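Taken in order, these protein sequences are the chains called A and B.
Going by our numbering, the first sequence opens with residue 1, and the numbers climb by one from there.
Going by our numbering, the second sequence opens with residue 1, and the numbers climb by one from there.
Treat the hints with care, as some may be off.
To be verified - Distance ranges between label pairs, derived from CB positions:
(1) Ser182(A) to Asn189(B): 18 to 24 Å
(2) Pro12(A) to Leu92(B): 27 to 33 Å
(3) Pro10(B) to Leu86(A): 25 to 31 Å
(4) Leu92(B) to Phe29(A): 38 to 44 Å
(5) Pro10(B) to Ala59(A): 23 to 29 Å
(6) Ala59(A) to Ala26(B): 48 to 54 Å
(7) Ala130(B) to Leu18(A): 48 to 54 Å
Since the hints were made in silico from the structure, they are not lab data.
This structure is a prediction, so every number in the text was calculated from the model and none was measured.
Glycine residues also receive a C-beta, built at the ideal position from the N, C-alpha and C atoms.
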Amino acid sequence: MNFILDFSVIWPRVPYLLGGAWLSLQIAFLAFCGGMVIGLFGAMAKSYAGRWVRSAVDAYVSFFTNTPQLVQIYFIFFALPEWGILLSPYAAVLIGMTLNAGAYLTQVQLAGFTSVHRAEIEAAETLGFTRMQSVRFVIFPHVMRTLFPPLSNLYILMTLGTSMAAVFGVEELTGRALNVNSETFRSVEVFLVAAVIYIVITFVATLLLAGVGRRFFRAQMKLL
Amino acid sequence: MLQQIIDQAPKFFGYYNVLFLLQAFAATFLLSLAGCVLGFALGFVLAVTRRTADWRLAPLRVVMIVFTEAFRRIPFLVTLMLVFFAFQALKLDVSMFAVALFSVCLIATAFITEIVRAGLDSVHRNQWDAAAAMNFGYLETLRYIVVPQAWKVMLPPAFSFFVLFIKDTALASQIGVVELTFAGKVLANKGFPAALTFGTVLVLYFVLSWPLARFGRWMGVKLAPTRTR
Chain A
1 MNFILDFSVI WPRVPYLLGG AWLSLQIAFL AFCGGMVIGL FGAMAKSYAG RWVRSAVDAY
61 VSFFTNTPQL VQIYFIFFAL PEWGILLSPY AAVLIGMTLN AGAYLTQVQL AGFTSVHRAE
121 IEAAETLGFT RMQSVRFVIF PHVMRTLFPP LSNLYILMTL GTSMAAVFGV EELTGRALNV
181 NSETFRSVEV FLVAAVIYIV ITFVATLLLA GVGRRFFRAQ MKLL
Chain B
1 MLQQIIDQAP KFFGYYNVLF LLQAFAATFL LSLAGCVLGF ALGFVLAVTR RTADWRLAPL
61 RVVMIVFTEA FRRIPFLVTL MLVFFAFQAL KLDVSMFAVA LFSVCLIATA FITEIVRAGL
121 DSVHRNQWDA AAAMNFGYLE TLRYIVVPQA WKVMLPPAFS FFVLFIKDTA LASQIGVVEL
181 TFAGKVLANK GFPAALTFGT VLVLYFVLSW PLARFGRWMG VKLAPTRTR
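The shape of chain A in the complex, shown without the other chains:
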C-alpha cells in the first residue's frame, strides 16, 4: 500500500496535454455547430413538415438519443468501410458526434420554439410590428432566453463527450493522456492531471457561457 504520487515526469508534458485539450474544445465546438444546424432543420421539420417527414425525424431522434455515442462511432468507423466509405478517425468521431448532437439539439430547439406563445406574436402584430421586427424583437429574445441555459449545458456535456475520440486514436486530451501514460507509466498522475484540465476547461466554459447568457439574453443562469 506504499504508493507515492510522483508528478515530476508529468510537468514537462503538461503543454502537450493542453494542446490535446485545445483539440477537444475544437471537436466539441465543430460538432456543436453542426448539431445546431441539424437540430434547426429537425425542429423546423417537426413543426411544419408533413407526417412522413415528422416521423422520420422522430425515428432519427429516438434512435440517436437511445444508443451510445461510442457504438455509433464504432459503426461509422468500422462498418462504413465495408460499403467503401473509408473515414479517418477524426472524421468518424466528428460525424458521429455531430449526428448525436443533432438529435439532442432537435429536441432542445423544438422545446424552445414551442415555448413562444401565440399571444406574444399576436401582441407584436397588434403593436404594428412587421414580421421581421416581431422575429427580431419578440421571438428571438424569448427563444434565446429559454434556449440558452440548456444549450450551454449540452455544450459542456459534449466537451466531456469528446474524450470518446481517444478510443479511435484521435489525440485529444484523453488520447494524449493515454500516450503520456505509455511513455512514463505514471498512470494515476497522468489521469489526475487530465481530470484537472477537464475540470478547469469546463468550469471556465460554464462561467463564460453563464456570463454571456446573463448579459446578452437575460437568461436565468447562476454564475456559480
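Given the structure of chain A, go ahead and fit chain B onto it with the hints provided.
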C-alpha cells in the same frame, strides 16, 4: 456487402453468440442499475448533509461540494482510467466489473446529489419553517415533510439519468468489462461483418433504453408536481 451480411447472419445468430450477447446485455443493464441505485443512496446522503447548518460539519460540506463539482466535470472515460489505475497502484485485486461499478457509482453519486438537492430545494421554504415551528428536528422534517413532497420532483430526472447512464457504460468496454459494446468488439474481431455486429449492438441498446426512456417520460408527466406553499 448486403449479401455478405445475409450470408453471415444465420451463423452470427447461432446459439452461443446469442447467449453471449444476452449475457453482455444483462451486464450492461446490471452495471447501470447497480450504479444508479447505489448512486441514489449515496447521493441522497450527500445532498442531505449539504443542507445541514451545523458548523462542525462545514469541512465535510466543503469536501462534498468539491466532490460533486469535480466528478460532474470529468469525462467518464477518464474516471474509469483513474479508478482502474488507482486500484492497480494500491495493489487491490478486484475484477474489472467491480472497477467499472465503482466508477459508475462515483459519477452517479455526483450527478444524483444535484438531482436530490434540486428536489429538496423544490419544497417551499415555508414548509421548512413550519416544521421548525412545530419543533421538528432536521431528520424528522426530512422524513415527514420534505421527502414525501420532494420524491415526485427527484424521481423523473433520476430516472432519465439512469437511462443516460446505460449509454455511458459503453465506455466500460475500454477496460475490458464484458458488456454489450465489448461483446460487439469481440464478435467483430471474430470476423463477422462490422455492420452486422455493431448494428445488432445498437439495436440491443435501443431495445433496452427506449422503453425505459418512454416510461421515464410517462412517469414525469404522471408525477408532475403540484405546487404547495
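Against the structure, test the hints numbered earlier, and report the numbers of the ones violated in rising order. Hint check: 6 fails alone, others pass.
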